[in-house]
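Protein sequence lines correspond, in order, to chains A and B.
Read in order, the letters of the first sequence correspond to residues 1 to 544 in the working numbering.
Read in order, the letters of the second sequence correspond to residues 545 to 770 in the working numbering.
The hints are simulated quantities; they were obtained by calculation from the structure and are not laboratory data.
Note that the structure is a prediction, hence the values are computed from the model and not measured.
Take the hints with a grain of salt, since some may be wrong.
[What the hints assert, rightly or not] Taking CB as the label site, the calculated pair distances span:
hint : chain 1 : residue 1 : chain 2 : residue 2 : range
1    : B       : Ser747    : A       : Ser464    : 53 to 61 Å
2    : A       : Asp55     : B       : Gly741    : 45 to 53 Å
3    : B       : Arg672    : A       : His89     : 15 to 23 Å
4    : B       : Arg672    : A       : Arg425    : 41 to 49 Å
5    : B       : Glu680    : A       : Glu238    : 27 to 35 Å
6    : B       : Lys724    : A       : Tyr430    : 54 to 62 Å
7    : B       : Arg672    : A       : Asn413    : 48 to 56 Å
8    : A       : Lys276    : B       : Arg675    : 31 to 39 Å
9    : B       : Arg767    : A       : Asp540    : 50 to 58 Å
10   : A       : Tyr273    : B       : Leu546    : 23 to 31 Å
11   : A       : Asn433    : B       : Leu546    : 24 to 32 Å
12   : A       : Tyr408    : B       : Asp653    : 26 to 34 Å
13   : B       : Ala740    : A       : Asp106    : 37 to 45 Å
Each residue gets a CB set at the ideal place from its N, CA and C atoms; glycine is no exception.
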Amino acid sequence: MKRVLIIGSGISGLTCAVETAMAGNCAVLVSPYPSERAQSVMAAGGINAVVPNGDNGDSIDLHVRETLDGGCRIAGERTVTGLCTDAPHILTWLEGLGVVFTRNADGSLARRAFGGQSRKRTAYAGASTGKQIVTALVQEARKWECAGRITRRLGLQFHSALIEDGVCSGALFYDETAKRLEPLYADAVVFATGGQNRLFGKTTGSALCDGYAAGQLFLQGAKLKNLEFIQYHPTTIETPQKRMLITEGARGDGGRLYYMENGRRVYFMEEKYGEKGNLMPRDIVSKCIYDAPSQVYLDIAFLGEQKIKENLREVYDLCREYLGLDVTKESIPVAPSVHFFMGGLAVDIKHRTNICNLYAVGECASIYHGANRLGGNSLLAAVYSGRVAARDIAQVSPTPSHANFESYIREQNEKLSARTATKSRFSAVYIQNDLAKIMNEDLGIVRTEEKLHDGIQNLQFYLSIVEKLKYDSEISPYQAYSLRPMLCLGLAVLTCAAERRETRGAHIRTDFPQRADNMATCTLIDYNNGAFDVTYRNEDELCW
Amino acid sequence: MLVKIKRQKDAESAPYWQTFSVDADPDMTVSALLDRLNYTDDLYDAEGVAAPRIRWECSCSQKMCGACAMVINGIPKLACAAFLRDEKGDVLTLEPLSKFPVVADLIVDRSIISENLQKAQAYLGTYRPLRKKDFEQMYAAAKCLKCGLCLEVCPNYSKGEHFFGALFANEAALLALQSKDRAKPLREAYDKHFAAGCSKALSCVGVCPMEIDTLASMARMNRSGK
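Required output: the full structure, derived from the provided sequences and hints.
See below:
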């Protein structure tokens, strides 16, 4: 029986744990907080899958084609075909776990239209699809916990992977209660740690998704991919505490975007792209809102109170509570904001990274979405990737390792003690805030060579001092030790963005406004003794 | 405004109170206020003494994850959904939830919640579709944040040794109504870990940030048992 260490307990981590248990293996599911705190619960809109007798002759081929087109032709056809082919089975599986999907009057699953897709293929559970899936998966995981096949470990923050000679044997965690590092060993290690939100400060997502794991693994030899592709969700609202997302489901159910000009509404998306203009892929809608001459609004009031309260209850509640706005009567002021990371740990079709026994799933892995992800494909990829990784682990023999990590662990514990022994009042928050400022200002939604190089120089300066400073030890040491890997990750993102001299999907360069045919490929970045090496590869050819 | 916070360095330390003075806007939530304090360059309390940053749990900041549950002016609430305009008095008081062990400041260890759900074997077994009339209630029940506010406010819940509280009643109903083969053991667990200990004070209903109708879940569980 194999022991699989899974780090992160959102939808991809939970699925991987359940699938590991189903395959007869043992999963250790580690996270600082329970699954209910994971960003997965915030996914609102739905999950894509083509079902028999789907909308208007829908087919898996069409789902594949629209995913590849939405991703601007750099995702792998083979990988995307795997994802879309399994989607109907995934939907059936989730239904059988008791996910409370919204249904039609005849009991069949209801579907809504989503951006970049010509058919209604997005199944949904009101406007809380992610939460409903998490609830069912937590209950399913609990069954395997009762059977002793899944062990949950809460309260542990990832510190570093235990890697020697390109083989991973486990990971080291910081235990806040015991105030020490704890190693966990396994035959395979799966990262399910989500996106890189915290690089940008407050985003629409969870503050717990900080990109630290990707940054740390990068420094330990893992390749990263497509980092320059960062999705700005077109419709977010400003509140005193953060930007919040208005689900694409609002436009899927008919919502219209407009701005005011000379006292009349200009439905700019419809004028430019026809009646389905509001549901163009997110990269296009976001850029159009960014270019609009004045404040853009989303109107759903005409859908009527009953439909809004039935299908979009969460949108109604969110706007009422945080904006004091009644969406059944008024339009919602919206603007694009950082939302999803198409980039992350480079994985092959089996979700293996370039390090033996080390896998990545969910948003922290980069695959399927190319330069722009379609709405409804992230929940699908989260479930699918967890299954694929668990099945591969069950099938292959782990690469053996006889490495001894005792001296490494001792050394890291000593470093940690030194961090907590200091009386310094300098807060790690200062550097985190500066990193977010650089990422937002020098990268942003629209990019130029000049700005990117400013950002790179600034981050190089911070990297040159970050380990020389002592940080306020009253805050968790995690905040201090996560700084350097996060700065490195930020620098890797800017480097990939500077190197891609074209405009494609979510990567918009005003100095290179056209798509370049010779760049229809994925970006890989490696860390080699301080150097950041960028190469380009076809997603389907990745194999380690 | 003045914010009085019950602080504790770590699980072993003694708690103490510290008051801060902060510029606040009535439309801010308590979570926005805590961010404002923590993100100032240097944090001093109202008497000008240097203070460590305030530890609190935060993930979504928009009432979807339950991380920031705490006691605000004596009432258990989510910090991200507690608006200052709704709080009365000149001093805002923040305390950690009292029914869970403190990790640091306003952060508590709520792992007992998942441990008890496991102890009660709260899982589905073989699926059967929900009846249409149960859909709305169960959709709401599945939104339970496991934040612990219903346990904090409940006069019958102390440490979760036998009585598992409203969140368990809702979880049991959600599972029992969708299970072809486990309704019976789920009902037995419900009787043992909820019905036997509930005095029907119903304080859990008003405090739930998801507005889950626990009474409706109880009605379904009681009905299905007769």
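Structure-based check of each hint:
Between serine 747 of chain B and serine 464 of chain A, the C-beta spacing of about 56 Å keeps the proposed range 53 to 61 Å intact. Checked against the given bound of 45 to 53 Å, the beta carbons of aspartate 55 of chain A and glycine 741 of chain B, roughly 49 Å apart, stay inside it. At roughly 20 Å, the beta carbons of arginine 672 of chain B and histidine 89 of chain A sit within the given window of 15 to 23 Å. At about 60 Å, the CB distance of arginine 672 of chain B to arginine 425 of chain A disagrees with the hint of 41 to 49 Å.
With their beta carbons about 31 Å apart, glutamate 680 of chain B and glutamate 238 of chain A fall inside the hinted range of 27 to 35 Å. At about 57 Å, the CB distance of lysine 724 of chain B to tyrosine 430 of chain A agrees with the hint of 54 to 62 Å. Remark: the range hint 48 to 56 Å for arginine 672 of chain B to asparagine 413 of chain A is upheld by a beta-carbon distance near 52 Å. With their beta carbons about 36 Å apart, lysine 276 of chain A and arginine 675 of chain B fall inside the hinted range of 31 to 39 Å.
Between arginine 767 of chain B and aspartate 540 of chain A, the C-beta spacing of about 55 Å keeps the proposed range 50 to 58 Å intact. Distance hint check: the CB atoms of tyrosine 273 of chain A and leucine 546 of chain B are about 53 Å apart, inconsistent with the given range 23 to 31 Å. In this structure, asparagine 433 of chain A and leucine 546 of chain B meet the distance hint of 24 to 32 Å, their C-beta atoms being roughly 26 Å apart. Evaluation of the 26 to 34 Å hint for tyrosine 408 of chain A and aspartate 653 of chain B yields a pass: the beta carbon distance comes to about 29 Å.
Between alanine 740 of chain B and aspartate 106 of chain A the beta carbon distance is about 41 Å. The supplied range of 37 to 45 Å therefore holds.
Comparing the model with each earlier hint shows violations of hints 4, 10; every other hint is respected.
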